[in-house]
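Novice: Listed below are the residues making up each chain.
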Amino acid sequence: MSLLSLNNVHSHYGHIHALKGISLDVNKGEIVTLIGSNGAGKSTTLRTISGMMHPTSGSITLNGVDISKMDPHAIVLAGLGHVPEGRGIFPKLTVKENLEMGAFTVTDRQAVEERMEYGFTLFPRLKERVSQYGGTLSGGEQQMLAIARGLMLNPSILMLDEPSMGLAPVLVELIFDIIKTLNEKGTTVLLVEQNALMALSIAHRGYVLQTGEIVVNDSAANLKMNPLVQKAYLGMD
Amino acid sequence: MNRFVQSINVNELIRPLGQLMVFSLGSAIALSGIALMLALVLDQTAVGLALQDKYNVTLYTYTLINLPQVVIDGLTIGFVYAAIALGYTMVYGVLEFINFAHSEIFAVGAFIGVEFLIAMDSSGLLRSASIGMSYLLLILAILLGMVAAGGLAVTVERVAYRPLRGASRLVPLISAIGVSFLLQDVIRLVEGLTTGDFNRIFPSFGNFDQRLNFGKLALGATNINLGISIKSIIVIVAAMLMLIGLNYLVNATRIGKAIRAVAQDRHTASLMGINVNRIISITFLVGGLLGGAAGVLYALKFTRIDPFVGFFPGLKAFAAAVLGGIGNLTGALLGGIVLGMLETFAGSYMGVFTMGAAGSEYKDIFAFSILILVLIFRPQGLMGENVGQKA
Ligand SMILES: Nc1ncnc2c1ncn2[C@@H]1O[C@H](COP(=O)(O)OP(=O)(O)O)[C@@H](O)[C@H]1O
Ligand SMILES: [Mg+2]
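In order, the protein sequence lines correspond to chains U and L. Be aware that the first sequence starts at 0, since it is given in numbering that gives the first Met the number 0, and climbs by one per residue. Be aware that the second sequence starts at 0, since it is given in numbering that gives the first Met the number 0, and climbs by one per residue.
Excised from the complex, chain L in its bound form (with noise of 0.2 Å):
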């Protein structure tokens, strides 16, 4: 045991947790600080009276008040976005390629987890569980989404992309964009034989649906609720707890390792005497297994799926993969908490500081021009694409 407890790196553990709660908190002050200040400014125009004359409130003091759980909310998706965004980043550190099938394993990952759920339910063992037991299934339904997406992830690869190894990079990714068709028409046909019905509604149970109040945080004489709910909470930590493992699985094994000299240089690795291909299955499996734990969360985040649930949080992660250097999974973190907190301070503020003009429905806009004009001052992303290197 003492050898076991002396044979962990530590410090592998406690950096990228830093570095989780630097890129959280600077991305929320820096946004927070931007939305107040825009929100002094505009106090004395007319979006500011506007407010005033509708609910008689300051537009700082409105957005004051929203802040907590804007972060909150922020992270929450930011985070489910990083644990996606991981997937492609890993597997483009390996094989310099875009595994546009990554949404589709996470909507595997999600329906795997629901269905779970909804049959427990359906036995009546949810409505009778207590507490513990809830938490229980939960984590087994993380559990079995993780499974699916990251088996599926590696047949995909087997079957779909090694063949097409030795061609040109666009023929692997038609490839990977035919099975991500591919698979939300088997999703679909799945789904719809079995019930009639494409969507899936998350059980509610346990007690995720319930908010902790710590209270109200009196600045002058506005009261800022302070509370956060159960799911947010889980999904937080659950994300938090995988992205460490990764880094550490990444940066403090063997496995880890050979991943990284594989992605610098495959043919040297393999005459180190390691296994390509199987380093190759490897990353994909680790990417489904992050990619589906993040699908189920989606669900107890959002509650209902369907077999295009992929599709955006897909392409958002892929873009927060870009945005913080695509092979860095230092950069995958980032970009996955910045686009997060960006659209949900977008979609959260936008309606009141235009009056209504640009509502919510318009912050992916507002996220991905920021993007945009990030890489275009920036195009190897914020971190830098250091292919194979220690995060």
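Here chain U stands alone, though its shape is the one from the complex (with noise of 0.2 Å):
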């Protein structure tokens, strides 16, 4: 049985009808990528799975629970971590308190210390910040604060909307090695990008969305080679 599996889900924005029938698995140990153009659809499959949003019609199930009528919060609690689009950082909290918000549901003080000294040795860089506003920070510390925050609730999956967005080349490498250091120590990953070169060559498997329809499912490799992938999305004739 898959982790994640979304069975024929469609979503709305009042009439716009935004994802018509999705269906996509994600395993347990895998990083799955999601990849479009923008508009097609991405981040409103993540705020259906979040319930930031609920679909219109079809299931939506986590561990084998049907999550698609259940609010975010309570999604969290079954385990599901969110890094939105925008990285979503309170601008008015610290860095510190950016972090312990990201395990507001973590009781055990013990495991809330580890976490975050353990997303401190993955962005060095945030330590130095550490009593900083999160509004001050740049795009890329954003950024990873934004990835360090959502790994505070040790969640069984991880789903991240375009976590290269307006970064450096440089630092999106960094944060796409530190997306696979991550599932190599054993989070789940479902990776939202329009960068579909730098996804592919992380990920497993891959969907591609187009229009709110998933239109090709594939390995990552195959993908990879897929004329009309590398015509729509790798940039290649």
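Worth flagging that the hints you see were computed from the coordinates, not collected in a lab. There may be inaccurate statements among the hints.
[Said to hold, decoys possible] Per label pair, the in silico range of CB-to-CB distance:
1) L:Ile254 with U:Asp176: 29 to 39 Å
2) L:Val185 with U:Ser137: 51 to 61 Å
3) L:Asn8 with U:Met164: 31 to 41 Å
4) L:Gly177 with U:Ser137: 38 to 48 Å
5) U:Glu116 with L:Leu124: 52 to 62 Å
6) L:Asn8 with U:Lys27: 49 to 59 Å
7) U:Gln109 with L:Gly177: 42 to 52 Å
8) L:Asn8 with U:Glu116: 16 to 26 Å
9) L:Ile254 with U:Glu116: 18 to 28 Å
10) U:Lys184 with L:Ile254: 45 to 55 Å
11) U:Lys95 with L:Asn212: 43 to 53 Å
12) U:Ser137 with L:Ser359: 38 to 48 Å
13) U:Gly38 with L:Leu24: 54 to 64 Å
14) L:Val146 with U:Gln109: 33 to 43 Å
[Said to hold, decoys possible] Counterexamples of contact, computed for chain L against chain U with all Cβ distances above 10 Å:
15) Ile138
16) Val275
17) Asp305
Just so it is clear, the structure is predicted and the values come from calculations on it, not from any experiment. All C-beta atoms, glycine included, are put in the ideal place defined by N, C-alpha and C.
Dock chain one against chain two, each of which comes alone in its own frame, and use the hints as you go.
Specialist: Below, the structure written as structure tokens:
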């Protein structure tokens, strides 16, 4: 049984039909990527999974539990971490407080300390800025903070929405390295990216989303060879 | 026990106390200075001569003699405004919405507290109450007012605001105005039906009406009476305790951190596992608790309440919140104290300073003109609109 499973999921914004029957699976231990151009519905897919919006039909299960009607805070408790598009850093909380927010539902103080230390070993830059307001960090630092905060929960699956957005190439490399490391240590990842090349370089499998529908679904290696993907998303002719 | 003591963030208790002191002293000194200067200037004019003629006292002396009482009255009402203003500002901080029904939540708190005391009075308990018992009953009345107002605030949010949360900003505002009228009429109906009268009088009991006299301060030939009524002490101390408690809740507890997170980014807060609806309810609860207590304290200080008792204090507290910087907790304290002081100074001195041309009935015009002036130059309020920031 897969860890996360979407079955024929539809989502609407008012009259806009944003997701038109999405089905996808993420198995334990995988990095699965969801690629597609701007407006395809990638963020909507993640928002629908994490309960920020509810699907109009279809089912979503996490660890076998139907989460499609649950509120976001309850889905977090079920083990889902979501690093949203735009990072969602609390601008007027310090770096430390932002990290503590990530562990809001964790009662074990010891675990919180350990995870925070782990975040600092991944991103030493955060430790230097620990008492600075989140809003004063650079874009790259905010992304680091968003990922570190997502890990505070020790989620069974971590969803990342365009972690490369707006970052310098060096930083993109660093962030992707860390995602790979996290995965090797056991974190399951659902990675949304416009940067298909980077995403496919670390993912095991991938889905291609076009105007609310999944058009291709294959292993990362095969997707890199797929003519449609090469033409539309990898900039090859 | 030791662990408990250790886990208390003492700094978060001392800091707001310091702020309250600074705001109180600062506005007292500034306004006293202005009043005394004006008095000195006007002493040689027709204004001073008229007073000299009538009461055989210089304007300066008159101003000085009255100062201690004016400052204490200003602080008393200022702290009440601050406690109400916090309700507006907390809700605004979290929802960017002005809860116009907050004035009636204050009024309901006042009525519940006073009705409880009236019931105690008619059962004969108040007359026979010892001093200790009187304080116990007063505290009980305040607590009842708080619980009623807090519960009401939560209910109003649940019934009248939450279903409209996705709508445009004007819609919940209209709903709030509607709730405000509705609650006024409910109070009127209930009070009218039970006694045929709309007014309620805070029963006289305990030693609250007495004054503590600290003797005289001799300034040259002038003796200034230093004293304070026990009522005023109770209002100031109770308001201070609440303000410090609220500050602690918001800045030093887990719930407070969640409130700040929801204020800054509701959607991301939900992804942290925070139950946003519950935090919003808690915000209304806390605002209602403070408003209800302020209602009972207001009734203690001013004795008579009617179903419209919330209107002016509510409006002024809202103005105080804007003056301080809406959404900013420290701003609400500052705004409340400044506004309370301003209107009390104006109410006490405008009459003599203008030879009776503009008496205390014009104090609100004066206070609000100042407020408008401040906002022209600082539209974000004195402390700025730091929504969700640590107070
Ligand atoms: N808040 C919203 N209200 C209305 N339509 C939206 C909203 N967010 C996204 N959409 C629409 O839904 C579709 C999918 O958007 P999104 O999921 O953000 O795409 P992606 O993340 O792939 O760029 C787009 O057509 C977009 O215009
Ligand atoms: Mg997107």
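Novice: Now tell me if each hint is right for this structure.
Specialist: Against the structure, the hints:
Between L:Ile254 and U:Asp176 the Cβ separation comes to about 38 Å, which falls inside the hinted range of 29 to 39 Å. The given range of 51 to 61 Å is respected by L:Val185 and U:Ser137, whose C-beta atoms sit roughly 54 Å from each other. Between L:Asn8 and U:Met164 the CB atoms are about 37 Å apart, so this pair conforms to the stated range of 31 to 41 Å. Range check, L:Gly177 to U:Ser137: about 47 Å between beta-carbon atoms, so the 38 to 48 Å window is met.
The supplied range of 52 to 62 Å is met by U:Glu116 and L:Leu124, whose beta-carbon atoms lie about 60 Å from each other. Taken as a hint, the range 49 to 59 Å is violated for the pair L:Asn8 and U:Lys27, whose Cβ atoms sit roughly 41 Å apart. Distance hint check: the CB atoms of U:Gln109 and L:Gly177 are about 51 Å apart, consistent with the given range 42 to 52 Å. Between L:Asn8 and U:Glu116 the beta carbons are some 23 Å apart, a value that agrees with the proposed interval 16 to 26 Å.
Taking the beta carbon of each, L:Ile254 and U:Glu116 are about 26 Å apart, inside 18 to 28 Å as hinted. For U:Lys184 and L:Ile254, the Cβ-Cβ distance of about 33 Å falls outside the hinted range of 45 to 55 Å, so the restraint is violated. For the pair U:Lys95 and L:Asn212, the beta carbons lie near 51 Å from each other, so the given range of 43 to 53 Å is met. Distance hint for U:Ser137 and L:Ser359: a CB-CB separation of about 56 Å, inconsistent with the stated range 38 to 48 Å.
The hinted window of 54 to 64 Å between U:Gly38 and L:Leu24 holds, with their beta carbons roughly 58 Å apart. Range check, L:Val146 to U:Gln109: Cβ separation about 38 Å, and the 33 to 43 Å hint holds. The non-interface label for L:Ile138 is consistent with chain U: the shortest C-beta to C-beta separation is roughly 34 Å, beyond 10 Å. Listed as a non-interface residue, L:Val275 fails to keep its Cβ farther than 10 Å from every Cβ of chain U; the least gap is roughly 7 Å.
The Cβ of L:Asp305 lies farther than 10 Å from every Cβ of chain U, with a closest approach of about 41 Å, so its non-interface assignment holds.
Violated hints, in rising order: 6, 10, 12 and 16; the structure is consistent with all others.
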